[in-house]
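The primary structure of each chain is shown beneath.
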Amino acid sequence: MAIIERPASNVALPFVDAPVTASSTFGVLKRPVAATGWKSWVFTVDHKKIGIMYGVTAMFFFVVGGIEALLIRLQLAAPNGKVLNADVYNQMFTMHATTMVFLFVMPMAAAFANYFIPLQIGARDVAFPRLNAFGLWALISGGIFVNLAWFLGGAADGGWFMYAPNSGPVFSPTHGVDFWALGLQIAGIASLTGAINLIVTVLNMRAPGMNMMRMPIFSWMALIVQFLLLFAVPVITVALFLLTFQRNFGATFFDVSAGADPLLWQHLFWIFGHPEVYILVLPSFGIVSEVLPVFSRKPLFGYPFVVFSGAAIGFVGWGVWAHHMFASGLGPVSVAVFSITTMLIAVPTGVKIVNWTLTLWGGKLWFTTAMKFSIALIVLFTVGGLSGVTHSVAPSDTQQTDTYYIVAHFHYVLFGGAVLGLFSGFYYWWPKVFGKMLSEKIGTWNFWLMAIGMNLTFGPMHILGLQGQPRRMYIWTEARSGEGFFNLGFWNLISSIGAFVIALGVLLFLINVVHTARKGEKAPLDPWDARSLEWLTTNPPKEHNFDVIPTVHHLDEFFHRKYKEDENGAMVKLKSAEDIMAEQERNADAHIHLPSPSYWPLVLAFGLPVTAYGVIFSVPLAIFGGIIILFGAFGWGLEPATAKPSDYDPPINTGDHSGEVVAVG
Amino acid sequence: MHNEADHNAHGSSSGISNIKLGMWLFLGSECLLFGGLISTYMLYRGRVSQGPTPSQVFDIPFTSVSSFVLLMSSLTMVLAVSSAAKKDDRGTTLWLVVTALLGATFVGGQVYEFTAFKSEGLGFGTSLFSSSFYTLTGFHGVHVTVGIIMLMAMVGIIQRSEFPGSKAETIEMIGLYWHFVDIVWIVIFTLIYLIPV
Amino acid sequence: MSNAGYVRIALILGFITALEVSTYYVDFGPLFLPALLIMMSIKFVMVVSYFMHLKFDNKLFSMMFYAGLILAIGVYSAALATFKFFLN
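Chains as they are written, first to last, in this note's numbering: chain V, 78 to 742; chain B, 3 to 199; chain H, 2 to 89.
Chain V extracted, bound-state conformation (with noise of 0.2 Å):
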């Protein structure tokens, strides 16, 4: 109950919380108070530190699967690469697709989701905030789990699917694939757990007034990524349990002399794994959706379109899976049904695409980093979705399959699609969690190398694949090359160059947030004359979020407080948003607590890679881990998600508490 461990903010708060002291929970260990420091994060249940800690961690992750990228490149960016052997090129490429896709684009979808959902629907925090911490170091575990196999005799390498019988001992005789395999069932956790909770902070917490029709765009999308999350999650779950017990304990699932049926795994990988697709992508057709109406000056067109075929594309997108599937065998009726349902995907996205177009259609567009990044997606990402389309098309695939055309493909709907969203999002709301603007000059450096790299890179992979190039080969020879324009020589080096290219647009972002933190402009209240809830507080927000929680009576609440129609149908500002806040300010609410800050989930976090080491090498271990697990999860029961009035000094209104100890959250 009460803020315990946030410092106290610059001005003036409009309301006193007693100095907090150590609780004397159930629990053994007390409950952490340190206000400043490491402490004050990493025990920390903001939503907006854990959303500040899944970006950082994504950041570092986005680098590490970048260099994994490059070094991709530079081997395959002459004929006969020495860069990398067979080996460590096959761990090279399963590792980038792992780390980009679960380690980069996942959380740092996580970071907004947790970040903005309660900030865009009027809450102060997420339903069950030590379940989201407990997401975090979920996550951090599972990422650095996976990646320990790189000091312990090699990375995982049978492709970022893990195609069975080639994921087996036989062929993938190092730990690589056991440390993979459990290292996302424990990132899958952290999955689950935070969809649970997002969801129902979504369904649940809305401020009042906000219906789902009225609710911003992008928590609508991150609501929609949830819900696949929750479904998909359990389905890759039963699959990486199977991989493992296959390799720790002697199952023969997918041993064919047993009589198994290797394709059992890719079924059940790609009915995962092509919701996730959509996993990726949305959260950034969500972002976008927010940007391109802010600096068009223009409601997005057509918001319930926007809302219903997110909403299509998630449902649709759980009958597609086998698409991914179509030259392994399944017989004429499975391919023709499968063919159909991915041409019907397509309608959904392209509705998105026509809406943002037409966002932009007659309004006074402001050339912003983040609406270039935005414009940028709408133009790559049909580039990547036309090419999808392609893939639907059964007997053209069975000739693509395989090949770099499939490697341009994804990468022009994730790089163009996921990554470009996620960046416009870094540059719009930049000011809002760090009070500071990035640097426009460097930013517009940053987009246009990011956007003219990831052409050179992805482009000509189209050229190479249609030629013939097969993927996850670790090298090509200048014999089987080719002849002028379809040289496979020329087109492998620019696509090399491009890789760097986007490199150093990276690098520049990174230099714009160090240099954004060191001299960095304060950022106004509203620097971009925004239009939804999350611009209602201060920059960076307080830790409460709202003074008052608002209640909303418009799509765009935000926009409509600033402005109001005229006799001729104009919006005219008639309130600056530092008006908005010193009233908000004027009227703050006089209590508000806070849930409190606890060890528990980092010491459940914790159990997670050790129990799955101990899988790996030594039962009594996993078994150690098992019990560490337990004790978390008593601890975690037996403290109160709040603390107990008695526990401050001097103790709060006990009138209407009765101290209930809630099990969950």
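Some clues are possibly wrong.
Unchecked claim - Simulated restraints on C-beta separations:
#1 B:Phe165 - H:Ser50: 29 to 35 Å
#2 H:Ser50 - V:His630: 54 to 60 Å
#3 B:Leu96 - V:Phe137: 51 to 57 Å
#4 V:Ser334 - H:Phe57: 28 to 34 Å
Claimed, not checked - Some but not every residue of chain B turned toward chain H, in silico, with C-beta under 8 Å:
#5 Lys22
#6 Leu23
#7 Cys33
#8 Leu34
#9 Leu45
#10 Val71
#11 Leu73
#12 Met74
#13 Ser84
#14 Ala87
#15 Phe116
#16 Ile185
#17 Val189
#18 Val199
The set of hints was computed from the structure by calculation and includes no laboratory data.
Heads up, the beta-carbon is just placed ideally off N, CA and C, and yes, glycines get one too.
Assemble the complex: chain V is given as a structure, and chains B and H must be docked to it using the hints.
Below, chains B and H alone, put in the same frame as chain V:
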């Protein structure tokens, strides 16, 4: 001084409980977990390259009894939830203990079953049937065991609790979990045991 | 729902279970498979509706749970169908 809605960060716009909604979402998610395990078993149940077949090892009368025990534990669980709602801590404790005992009987039966199968030559890696059978029923057994631990922990917490019935919602959540584990077994009993390959 | 009501539900569930087990001893012919699946479904829905209160509770809970259930049945049946599981 202030009402519950602005009392903490946990106000609810729909009027339903956060934790209950979270629990139902979790159970929805669990459907896909057990669905995957059951499908794996269904695909592989007839694939016995060596070792015994399902009909050679299954002891239907024995499993029928333990299925019945688990089914009845759902009744005792619902009685515990009902007592908790009436703030009857003694009744709650009684029914929680009975539920845990019935659950333990079921798990004990499963341990006995596994041991018997093992002695008949059905190891974990013997065949596709054995791997998928042990994985599916083992996962279910772990779920029941986790449920028993939660039930016993709840009994301990009730003894220390200051206000009668204050744990009613938590007990209801454990109940939802427990019933879910029971319905999974309802499906397993029919699809795995009663329908022959 | 009263405790007596719960006991009645349990008795019905026990009775259906007995019927299910009887299929092991008595030959039901072509009715065997559909009868078993129907009885299984009845038991499933009864526990969910009455013991888990889904019938009396907020519709949102039902939506969340049945969404997962129906999705699971859908995708896994489709996957099994590609293995020609239902053809023999």
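Hints versus structure:
Between Phe165 of chain B and Ser50 of chain H the CB atoms are about 31 Å apart, so this pair conforms to the stated range of 29 to 35 Å. Between Ser50 of chain H and His630 of chain V the Cβ separation comes to about 39 Å, which falls outside the hinted range of 54 to 60 Å. For the pair Leu96 of chain B and Phe137 of chain V, the beta carbons lie near 53 Å from each other, so the given range of 51 to 57 Å is met. Between Ser334 of chain V and Phe57 of chain H the Cβ separation comes to about 53 Å, which falls outside the hinted range of 28 to 34 Å.
The closest approach between the C-beta of Lys22 of chain B and any C-beta of chain H is roughly 7 Å, which is under the 8 Å cut-off, so the hint is satisfied. Among the interface hints, the one on Leu23 of chain B holds; its C-beta lies about 7 Å from the nearest C-beta in chain H, closer than the 8 Å criterion. Checking Cys33 of chain B against chain H by beta carbon gives a least distance of about 4 Å; that is within 8 Å, so the hint holds. A distance limit of 8 Å between C-beta atoms decides the matter here; for Leu34 of chain B the minimum to chain H is near 5 Å, and the interface restraint holds.
With a least beta-carbon distance of about 6 Å to chain H, the hint placing Leu45 of chain B at the interface is held under the 8 Å criterion. Checking Val71 of chain B against chain H by beta carbon gives a least distance of about 11 Å; that is not within 8 Å, so the hint is violated. The interface hint given for Leu73 of chain B holds, since its Cβ lies 6 Å from the closest Cβ of chain H, which is under the 8 Å cut-off. Because the beta carbon of Met74 of chain B sits about 7 Å from the nearest beta carbon in chain H, less than 8 Å, this interface hint is met.
The interface hint given for Ser84 of chain B is met, as the beta carbon of that residue sits about 6 Å from the closest beta carbon of chain H, less than 8 Å. Taking 8 Å as the C-beta cut-off, the interface hint given for Ala87 of chain B is violated, the closest approach to chain H being about 11 Å. The beta carbon of Phe116 of chain B comes no nearer than 21 Å to any beta carbon in chain H, farther than 8 Å, and the hint placing it at the interface is violated. With its C-beta approaching chain H no nearer than about 5 Å, Ile185 of chain B sits inside the 8 Å limit, and its interface hint holds.
Proximity of Val189 of chain B to chain H holds as hinted, the smallest CB-CB distance being about 6 Å (cut-off 8 Å). The beta carbon of Val199 of chain B is not positioned within 8 Å of any beta carbon in chain H (closest approach about 11 Å), and the interface hint is therefore violated.
Hint violations for this structure: numbers 2, 4, 10, 14, 15, 18, all remaining hints satisfied.
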